[in-house]
Amino acid sequence: MVKFGIEFVPQEAYWKTTYYAMLSEKSGYDYVWITDHFNNRNVYIALANILNYTDRVKIGPGVTNPYVMHPVGAAQAMATLAEMAPGRVVCGLGTGDKTTLDMVNIPREKPLATIRESVKIIKEITSGKRTTLDGEVYKISGVKLNFKIPIPVPVFVGAQGPKMLSLAAEVSDGALINASNPKDFESAFVSIKEGLSKAGRSLKDIEVVAATAFSIDKDKDKAREAAAPVVAFIVAGCPEQILARYGIPVETAGKIRDAIVKGDWGSVLGNVNSEMMEAFSIYGTPDVCVEKISQLEKMGVTIFITGSPIGPKIHKSIELFSKEVLPHFKN
Amino acid sequence: MTEIDVVLKSIPEAVAPSVSKSLLDIILKSKNAPSLPSSLARQILGLYHDDLLSSKEGFKVLMEASVFLEKDKTAEKLQELNLNEAATNIRGA
Numbered sequence: 572m573v574k575f576g577i578e579f580v581p582q583e584a585y586w587k588t589t590y591y592a593m594l595s596e597k598s599g600y601d602y603v604w605i606t607d608h609f610n611n612r613n614v615y616i617a618l619a620n621i622l623n624y625t626d627r628v629k630i631g632p633g634v635t636n637p638y639v640m641h642p643v644g645a646a647q648a649m650a651t652l653a654e655m656a657p658g659r660v661v662c663g664l665g666t667g668d669k670t671t672l673d674m675v676n677i678p679r680e681k682p683l684a685t686i687r688e689s690v691k692i693i694k695e696i697t698s699g700k701r702t703t704l705d706g707e708v709y710k711i712s713g714v715k716l717n718f719k720i721p722i723p724v725p726v727f728v729g730a731q732g733p734k735m736l737s738l739a740a741e742v743s744d745g746a747l748i749n750a751s752n753p754k755d756f757e758s759a760f761v762s763i764k765e766g767l768s769k770a771g772r773s774l775k776d777i778e779v780v781a782a783t784a785f786s787i788d789k790d791k792d793k794a795r796e797a798a799a800p801v802v803a804f805i806v807a808g809c810p811e812q813i814l815a816r817y818g819i820p821v822e823t824a825g826k827i828r829d830a831i832v833k834g835d836w837g838s839v840l841g842n843v844n845s846e847m848m849e850a851f852s853i854y855g856t857p858d859v860c861v862e863k864i865s866q867l868e869k870m871g872v873t874i875f876i877t878g879s880p881i882g883p884k885i886h887k888s889i890e891l892f893s894k895e896v897l898p899h900f901k902n
Numbered sequence: 445m446t447e448i449d450v451v452l453k454s455i456p457e458a459v460a461p462s463v464s465k466s467l468l469d470i471i472l473k474s475k476n477a478p479s480l481p482s483s484l485a486r487q488i489l490g491l492y493h494d495d496l497l498s499s500k501e502g503f504k505v506l507m508e509a510s511v512f513l514e515k516d517k518t519a520e521k522l523q524e525l526n527l528n529e530a531a532t533n534i535r536g537a
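So the sequence lines, in the order shown, correspond to chains A and B. Note that this note's numbering has the first sequence beginning at 572, numbered continuously upward. Note that this note's numbering has the second sequence beginning at 445, numbered continuously upward.
Think of the hints as simulated: they come from the structure by calculation, not from any bench. One should not assume that every hint holds.
[Claimed, not checked] Taking lysine to any residue and the SDA-like style, the derived pairs with C-alpha atoms no more than 20 angstroms apart in a straight line are: (1) B:K521 / A:K597; (2) A:K597 / B:L491; (3) A:K894 / B:K475; (4) B:K473 / A:P678; (5) A:K887 / B:L472; (6) B:K473 / A:Q731; (7) B:K500 / A:P800; (8) B:K473 / A:N749; (9) A:K597 / B:K465; (10) A:K597 / B:E514; (11) B:K465 / A:P800; (12) A:K715 / B:S499; (13) A:K793 / B:K521; (14) A:K734 / B:E514; (15) A:K887 / B:K473; (16) A:K597 / B:K475; (17) B:K475 / A:K789; (18) B:K475 / A:V859; (19) A:K597 / B:D495; (20) A:K789 / B:D469; (21) A:K887 / B:K521; (22) A:K715 / B:E514; (23) A:K629 / B:K465; (24) B:K473 / A:P883; (25) A:K887 / B:D495; (26) A:K597 / B:L468; (27) A:K719 / B:L468; (28) A:K719 / B:G490; (29) B:K475 / A:V580; (30) B:K465 / A:T651; (31) A:K884 / B:N528; (32) A:K884 / B:S499; (33) A:K793 / B:G490.
Computed from a predicted structure; not experimentally measured.
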């Protein structure tokens, strides 16, 4: 049975993110993920506050990146959260957002080695082991926490490209795939199976997570309107091979990117068409959402995340999702 | 009696649940949300955790937060709900 997660960007007042996380727990979600960008509220502090006000839901950064946060620091933060709520903490790890890394002059070098070694460091340290690594990226010696946590922290890897997907399957507890369309999952599963095979593992050993751009409303047009700006950002930052998969001209993506930089929102939204919406988001009425989630579940997705924007009004959309979508999967 | 108590006194108990929902909408939509005092934020979160946001105490906290963040919008909403006395009390608060 597919499990459900929800993702929040902590760009609003801390108590609002906490309130939405509580609403999500009360509405039946299994996971709450908080994004990590240094220009928003700090992810670990946001997570700690959420733990103080929730009782069941699993929580984690979705995703933190080892370029800004050294994996030893991430392991310490995750272990502290896990002490607060044993068994309810998951670490999402990824290479981060290039735009914000550029702002602080951090090059995204050796992404595969960085993630491979970070997963090892975080998993070992949060398991209470004394950790030594003479890696390609990290060199640490005899690192051990001065406190124990009862349950180790699972580490999920955010992945899109074939190599990172394969690595996620090889070394982590779950692949967090930033995609919404079944076409992307078809190719993702090929890479995931390659990685599993390398490690002598099977699909039962990992979670396959669909981190979607999601928008639900009783009015399809309102749901679309809320999702369009998110889709514009996805198209603007999309690799050419993915654009080609959906027949989206590189020039159109360039126009959207330029318009975003200029803040010309009329032009941004004017260039977002139906093909882009279908390629990069799941939006619409509850019935449509149920159908699309079912499709991904049949393909092997084990956790479905309703990511930004969730809907025109976040709390109303969470309530609608809880009443009209979740019962199709939870009963 | 505080100004908020005066406002609450002019709202019939029977309509409190629907007014609460409107107040929550105003609070969550408010662009002033980051300026909410942490003591009020903690009360909202604590009461919500204990499923008491729809209690009398919860109603009072929501009204305080709504008036703090969006005094005019709160008064307008109460007027819309035909709670004219409460709306006038808020404007005078």
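Now the hints, each set against the structure:
no., hint, in the structure
1, B:K521 / A:K597, "violated (27 angstroms)"
2, A:K597 / B:L491, "holds (14 angstroms)"
3, A:K894 / B:K475, "violated (28 angstroms)"
4, B:K473 / A:P678, "violated (37 angstroms)"
5, A:K887 / B:L472, "holds (11 angstroms)"
6, B:K473 / A:Q731, "violated (34 angstroms)"
7, B:K500 / A:P800, "violated (40 angstroms)"
8, B:K473 / A:N749, "violated (28 angstroms)"
9, A:K597 / B:K465, "holds (17 angstroms)"
10, A:K597 / B:E514, "violated (27 angstroms)"
11, B:K465 / A:P800, "violated (28 angstroms)"
12, A:K715 / B:S499, "violated (48 angstroms)"
13, A:K793 / B:K521, "violated (23 angstroms)"
14, A:K734 / B:E514, "violated (50 angstroms)"
15, A:K887 / B:K473, "holds (12 angstroms)"
16, A:K597 / B:K475, "violated (25 angstroms)"
17, B:K475 / A:K789, "violated (25 angstroms)"
18, B:K475 / A:V859, "violated (32 angstroms)"
19, A:K597 / B:D495, "holds (10 angstroms)"
20, A:K789 / B:D469, "holds (18 angstroms)"
21, A:K887 / B:K521, "holds (18 angstroms)"
22, A:K715 / B:E514, "violated (50 angstroms)"
23, A:K629 / B:K465, "violated (27 angstroms)"
24, B:K473 / A:P883, "holds (11 angstroms)"
25, A:K887 / B:D495, "holds (18 angstroms)"
26, A:K597 / B:L468, "holds (16 angstroms)"
27, A:K719 / B:L468, "violated (41 angstroms)"
28, A:K719 / B:G490, "violated (29 angstroms)"
29, B:K475 / A:V580, "holds (16 angstroms)"
30, B:K465 / A:T651, "violated (36 angstroms)"
31, A:K884 / B:N528, "violated (28 angstroms)"
32, A:K884 / B:S499, "violated (24 angstroms)"
33, A:K793 / B:G490, "violated (33 angstroms)"
Hints 1, 3, 4, 6, 7, 8, 10, 11, 12, 13, 14, 16, 17, 18, 22, 23, 27, 28, 30, 31, 32, 33, counting from the list given before, are not met by this structure.
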